[in-house]
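Asks: The lines below spell out each chain.
Number of protein chains: 2
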Amino acid sequence: MRLLLMSNSTNAGEEYLAHGIGEIGKFLGEKKVTALFLPYAAVTFSWDEYEKKVRKKFREAGHDVVSLHHAGDEAAAVREAEAIVVGGGNTWHLLTVLQKKGLMPLIRERVRAGVPYIGWSAGSNLACPTIKTTNDMPIIQPQDFNALGLIPFQINPHYLDANPEGHAGETREMRIREFLKINPGMYVAGLREGTMLRVEDEKMSLIGEKPLRLFREGMKPVELTAADPLDFLLLTQ
Amino acid sequence: MRLLLMSNSTNAGEEYLAHGIGEIGKFLGEKKVTALFLPYAAVTFSWDEYEKKVRKKFREAGHDVVSLHHAGDEAAAVREAEAIVVGGGNTWHLLTVLQKKGLMPLIRERVRAGVPYIGWSAGSNLACPTIKTTNDMPIIQPQDFNALGLIPFQINPHYLDANPEGHAGETREMRIREFLKINPGMYVAGLREGTMLRVEDEKMSLIGEKPLRLFREGMKPVELTAADPLDFLLLTQ
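Going down the list, the sequences are from chains C and F.
Residue numbers for the first sequence follow our numbering, so the first one is 1 and each next one is one higher.
Residue numbers for the second sequence follow our numbering, so the first one is 1 and each next one is one higher.
Honestly, I wouldn't trust all of these hints.
No copy labels: a pair is met if it fits in one copy or bridges any two.
Unchecked claim - Pairs of lysine-lysine residues, derived as DSSO-like cross-links and limited to a Cα-Cα distance of at most 30 Å, are as follows:
#1 Lys101 <-> Lys210
#2 Lys181 <-> Lys53
#3 Lys203 <-> Lys220
#4 Lys181 <-> Lys26
#5 Lys181 <-> Lys31
#6 Lys52 <-> Lys181
#7 Lys220 <-> Lys101
#8 Lys53 <-> Lys220
#9 Lys26 <-> Lys203
#10 Lys26 <-> Lys57
#11 Lys100 <-> Lys203
#12 Lys53 <-> Lys26
Simulated from the structure, these hints should not be mistaken for lab results.
So here's chain C without its partners, still in its complex pose (with noise of 0.2 Å):
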């Protein structure tokens, strides 16, 4: 399995997907790709100007993208995909999307058979067994939280160290840490912005300079950097 699951597609101060259209270059590789683009987590934009925006970037990496909603036969879509790119938004709708259209299955089987997944954001929740540790608003009820399940971890985008100041509300450590009670036996990667997490096959590594927070219930939080050994999370837990 080969996948690439970043926190975020824009840094602050930077242009869109400016981190990491790089690293999404070498991920494909140096032979064009044409990725099949999932745009279903934008709700405040149309899924034409997403795809424009995503396209001007891969194309730039010498690849590009095609959109699932202009597909006449979208399970043909998705089986025939080369890879597959489901862009960051809002990670309710992207599921709900994704269900009414009975795509999940199809989409975890392809990757599971090889098809290269990218996500940044609520693609990379998608990536998880359940969508339990997003962080966007549920403005609208998925038949189940279940999600691909591609990696056997939870993922936490967007990753954040505190509250802003004068902030009472519950830090994202706090949030984290309540999933951990529900859910013990879990490991939470809480993925701060600027990184990404890269899976080839039994294989993870970290990309970027910031490490990553690990949570589990019971243990103390431990920070990860691009030089530890990460394979241990894809272990069935």
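Please build the complex by placing chain F on the supplied structure of chain C, with the hints as guidance.
Replies: Positioned in the frame of chain C, the structure of chain F alone reads:
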């Protein structure tokens, strides 16, 4: 109907419930009330601890609480409650427990019949038509997203104007805009920390120094202060 819906329990740098307990005292009146406390939003600390913490503050205000988790007959405890108090924590956990216990219709009925309702954070989300504007992590899957519907609009508690510096994830306003796109016609009140809404039948007022930020699809967001009329939000939309 009598409701006191607070954004949060604790302002940054203050003691637990410090900013709210005076208003809670006024809302409950001069005669001592022993309110029924619903502690089920607590996940990482015990219901006993939660009751103790809330009781301490209520006693300072001349009132008291008894937590529902002690009741042998829970439905009877709700039916006989002088007031209902719903504490903050994780909204998903709160809703899931109350749905499993089958208590949602009875709580709704009692509050509609005039039993005073006090909520903060998750307790304010619970008073809305749905929990679709919660900030909490969906650590557990409820039967559905429907809440008590004591008010016809949505509250976003802990409303926050900006992200921490250097963080590029969605702002709260962007998240609310996504909700409105999928749920047009609804109002969302962004309730900043330190503020609360008090409902007395068809009257509603904002308490606190900060304005609330009101959102609706197609409408420019409006800042409303304690001096502005808010009763229109109680009309069926």
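Asks: It remains to establish, for every hint, whether it holds in the given structure.
Replies: Now for the hints, and whether the structure bears them out:
1. Neither within a single protomer nor between protomers do lysine 101 and lysine 210 lie at most 30 Å apart by alpha-carbon distance, with minima of 37 Å and 44 Å respectively.
2. Proximity of lysine 181 to lysine 53 under the C-alpha cut-off of 30 Å is restricted to the inter-copy arrangement: shortest distance 21 Å between copies versus 39 Å within a copy.
3. With identical chains, the CA atoms of lysine 203 and lysine 220 are at most 30 Å apart within one copy only, with a shortest distance of 24 Å there and 49 Å across copies.
4. With identical chains, the CA atoms of lysine 181 and lysine 26 are never at most 30 Å apart, being 38 Å at best within one copy and 36 Å at best between copies.
5. Proximity of lysine 181 and lysine 31 under a CA criterion of 30 Å is satisfied in neither setting, with 46 Å inside one chain copy and 39 Å between copies.
6. For the identical chains of this complex, lysine 52 and lysine 181 are inter-copy neighbours only, at 21 Å across copies versus 42 Å inside a copy, given an alpha-carbon limit of 30 Å.
7. Proximity of lysine 220 and lysine 101 under a CA criterion of 30 Å is satisfied in neither setting, with 41 Å inside one chain copy and 34 Å between copies.
8. Taking the shortest Cα distances, lysine 53 and lysine 220 sit within 30 Å of each other only across copies (26 Å), while inside one copy they are farther apart (40 Å).
9. In the homo-oligomer, the alpha carbons of lysine 26 and lysine 203 lie at most 30 Å apart inside one protomer (16 Å), although the nearest pairing across protomers, at 61 Å, exceeds that limit.
10. Taking the shortest alpha-carbon separations for lysine 26 and lysine 57, only the intra-copy value of 14 Å comes in at or below 30 Å, while the best inter-copy value is 58 Å.
11. In this assembly of identical chains, the alpha carbons of lysine 100 and lysine 203 never lie at most 30 Å apart, being 33 Å within a copy and 41 Å across copies at closest.
12. With identical chains, the CA atoms of lysine 53 and lysine 26 are at most 30 Å apart within one copy only, with a shortest distance of 20 Å there and 54 Å across copies.
Hint check: violations occur at hints 1, 4, 5, 7, 11; the rest are consistent with the structure.
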